[in-house]
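**Student:** Chains as they are written, first to last, in our numbering: chain B, 48 to 620; chain W, 3 to 385.
You may find that some hints are simply not true.
Subject to a maximum C-alpha distance of 27 Å in a straight line, what follows is the list of computed DSS-like cross-link-like pairs (lysine-lysine) [to be verified]: (1) B:LYS138 - W:LYS162; (2) W:LYS101 - W:LYS224; (3) B:LYS53 - W:LYS101; (4) W:LYS295 - B:LYS49; (5) W:LYS82 - W:LYS112; (6) W:LYS210 - B:LYS49; (7) W:LYS224 - B:LYS138; (8) W:LYS176 - B:LYS150; (9) W:LYS172 - W:LYS112; (10) W:LYS112 - W:LYS176; (11) B:LYS138 - W:LYS172; (12) W:LYS162 - W:LYS84; (13) W:LYS65 - B:LYS53.
To be clear, the hints were calculated from the coordinates, so they are not data collected in a lab.
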Amino acid sequence: MKLFHKLSTYLLTHQPLLWHTRIIPLMFTVLLANLIFFMLGYSSVNLYNLAHNYSLENWFFREYYVLYWVILGLVVLIIWGASFYRYNAAKNFYPISKWYFHKMALLIFVPVILYLFIPFTFYSGQALQARNLMNMKEVAIVDSVQVYSAPFLVENTADYEFNRRSYPEMYKNLNYFEHDNTEYDSWTHYKGVEYNIKDLLNEKTAESLLENRNVYAYRSKDVKKFNLIRGDSCEYYETEFLHPVSKDSLPEFHEFHVKNYSIENLFGYDYSYRSRIMNAENLDEFSQKFNKTIHQWIDQSHAKILTTLEELNKLCDQYGIENNLDAKGNLQYLEENEFKVSRTLTFPLEGEEGYMDENGQWVYLNDANNPMFHQAYNFNALNDLLINVSFAHEHMYFHSTEMLLILGYFALGTTMLLLYFQWGSVLSFVISIPVAGVLTILGTLIVLLLKNPWSGDYYSPIFSLEVSVYLVMALSVLGVYYFGKQLGWNTYMVNIAFGLSYFAVPLWIVMFTLLIHQLLTTSTTVPCYEYPEWQEPFSLTDGWGYYVLLYSPYFMFLLSLFTLKGFIAKKEG
Amino acid sequence: MTLNQRTQEIRLHFQNRDFDLAYSNLLDAVLESENLSLFESIISLELWRENRADADTQLWVDKCLEINEQLEDLDIEPKKTKSVLLSCSALTKTYANGKFTLGPISLEVKPGQLIGLVGENGNGKTTLLRILAKEIDYSSGTLHYANETDFDNNYDHRTKLTFIPQRTQKWYGKIRTNLQFCATHYGIFGRRNELLVEMMLIRFGLFKFRDLNWSELSSGYKMRFELARTFLRRPEILLLDEPLANLDVFAQQIVLNDLRSLAKSSYNPIGIILSSQQLFEVEKVADEVLFLKNGAPKLRQFENQKEENLIMVELETSASREQISSALSHVSAFDIHFNGGMYVISSNAVSDSNQLLATLVQNNIKVHYFRDISTSSKRFFTH
């Protein structure tokens, strides 16, 4: 206690900014919290967990850990805030340097981001323990086979649908995969391609379609009743596919599906559309055989990779698929790379794969309690794969990069919000909220009148609209900021303008992100198998847009911190 | 006054048993010496006194005199001060609604000068102080600070302008911590910071409250805290708005004496402008009084003679108005006003107030209170 008091006095009388921001006790607390959560993550993983969960990735948010994290964060924030806001050099006109607020922002930012980093620390603890429990050499081999076989595993759904997969280097020259190039960029590319079987859309009777073919239920935009479509049709763009058990699905289809449960070829929209490619019947057969091979291998768990590759090669030859599956060569390639292939894929059981039971209920195959699951796959081998995918490969790197960027934005936003109240009042911030709302509405109206001037293949109209709204808001705030300064408004008004910028400055980040994205992606048109999504810097999706818009920092504040002294000292009129 | 004269004066005060005055002068002298070993001696002495409730006064005096002797051995250079700290000319302020106009005011503040700002409520005292403190802008005229060229911007300049408003802001945390936080920002680091803050706490009578929170202090001590914080900032000019409000009579005397003493420091004289409703108390310590009536100024320098040879006195007596008039009947021209508790008698037919007093006493008027306000700003409140 005495030592703590001595240290505190020393900082107070030598480094007031370090003392004011309570950086030392704060860093100590945050690092301790990281250590505790690392240990929690480490201790949360055991063999039983590995065998009964298909992924470790979201444990932090699924279990109570996130609650502890939030509560501890709030407690630390309240205790720290009570101390931090007690003292204020700027409002009392004590001498401060030009860099004062920048230094303060940095000192707050570091512990904030370290605290927000705790989920990653938790995952690191999990990963360490998972690696301790697994033979990583085996995992690497399993993963390699998984990578090479993945293009032929067609049960995949959700984010890693068949058409979105990235393919290993050796497959890149296969005609088989070239179709996917058209699928990559945009759904609009489906229209008018050569394998589009438009005439099937006009067939009204299901019976004619069901014979030996996979079919999908759909309804077009103007038709209330459902229809069936052959799996190799590409008219997805104009239609809405139906899920057999989804609440949003048509009751008629659900009823139909229950009645025709024996029809094995009827699928909901989530099922893969493998049969779109080439000869549907042949490909179905091919896929089934290929699946069997892969699954057999997985069941055996320790089968030789060479044997597997050879079997894959034979199958490709049998069905006339041009390939360069040199089994020996590829094995050599894998061995040279110590089985650490740079392009990996998700595990095919992810998502909503399952089957319809006799009562019309959807049973998820990835439910560990489902006996079907155990029948279909060797359970432990699958978990090995998943853990490997989550922690050992670049697949996770993609998510980490994305998450770290979001984390950085959020931490910076939080930092600037905490800093704001060193010069601005709570009232001025609160007032800025409805003002920002009015400006947003005005901005929306203006953008709608202009008929959405932003357009592009990569971005949805909604997101473009938001960007436009924020552009208007940002310009408004800049206007308030500039004219407020010119016209000699008092500090109160300028503070409101600062508050407004909290809602407007995300534009700068959006623009910056767009710029990077454009610079990195427009130089060449790349097919998907050469440019898997995890290798992109990041794609600017709607979801990304929301993150950016909601959690973006006060960049304008950061830029304006130089002028803050002037605003604080401004004379009232 | 040289340091030697000052230490002699301190010794004399101790000999005359004016202990409070002697001790505050000793503290001021030690503070001005900036000698850390003397700081430590004073703090040790204070701790010694604090820990011994039955401390022998003579022993304490001896210790004080010992420190005073150490002070004599020092060679302290007086600080160079500017001839004029602040000057304003024809300064006016008109609010947007046009209902009130302040000024035009012309004023000069020199080091060591204490100017009182008086006037009824709503006559512009606070507005003037806020303009001088650069809190609000003025409409016309000029305002110059001697040190304004030393700073790049308004903020940095305001770090040297110390304005204590009537309602001081709320402070959080211990008062010592707040003072140390302030001192560090003004470049006072390490051991010097700790000692100087403790000296300020002693100087303003806050030492025993050093570990209390601001909210635990009484109004008088809150004002003393503001003064301690202000003097840590080494101001060249100090602006105070109603510092005597909410203080008891005793506290008012202490604060005023402190301000006068600090303004008149031989080594670091500062300029002080203070506003107050306590006319008598302000006039006792101020070099000049600026009276504001509806925003218009009337500057009164005490060296000047009374206006138009008018003698004006305040009189409290049990005698009736008729008895007073009868007593003064031979005075050719006089005027009597009664404000309910006090008579105000004015005349330009007498040479001084003694003559009036003598006349009243000779005519058996029982005098409870008598004060000559011929040169006081108080006369402005009687018309």
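**Student:** Could you run down the list of hints and mark each one as holding or not?
**Tutor:** Hint by hint, here is what the structure shows:
{"no.": "1", "hint": "B:LYS138 - W:LYS162", "result": "holds (14 Å)"}
{"no.": "2", "hint": "W:LYS101 - W:LYS224", "result": "violated (34 Å)"}
{"no.": "3", "hint": "B:LYS53 - W:LYS101", "result": "violated (56 Å)"}
{"no.": "4", "hint": "W:LYS295 - B:LYS49", "result": "violated (58 Å)"}
{"no.": "5", "hint": "W:LYS82 - W:LYS112", "result": "holds (13 Å)"}
{"no.": "6", "hint": "W:LYS210 - B:LYS49", "result": "holds (21 Å)"}
{"no.": "7", "hint": "W:LYS224 - B:LYS138", "result": "holds (19 Å)"}
{"no.": "8", "hint": "W:LYS176 - B:LYS150", "result": "holds (25 Å)"}
{"no.": "9", "hint": "W:LYS172 - W:LYS112", "result": "violated (31 Å)"}
{"no.": "10", "hint": "W:LYS112 - W:LYS176", "result": "violated (35 Å)"}
{"no.": "11", "hint": "B:LYS138 - W:LYS172", "result": "holds (12 Å)"}
{"no.": "12", "hint": "W:LYS162 - W:LYS84", "result": "holds (15 Å)"}
{"no.": "13", "hint": "W:LYS65 - B:LYS53", "result": "violated (30 Å)"}
Figure legend: structure checked against the earlier numbered hints; hints not met, in rising order: 2, 3, 4, 9, 10 and 13.
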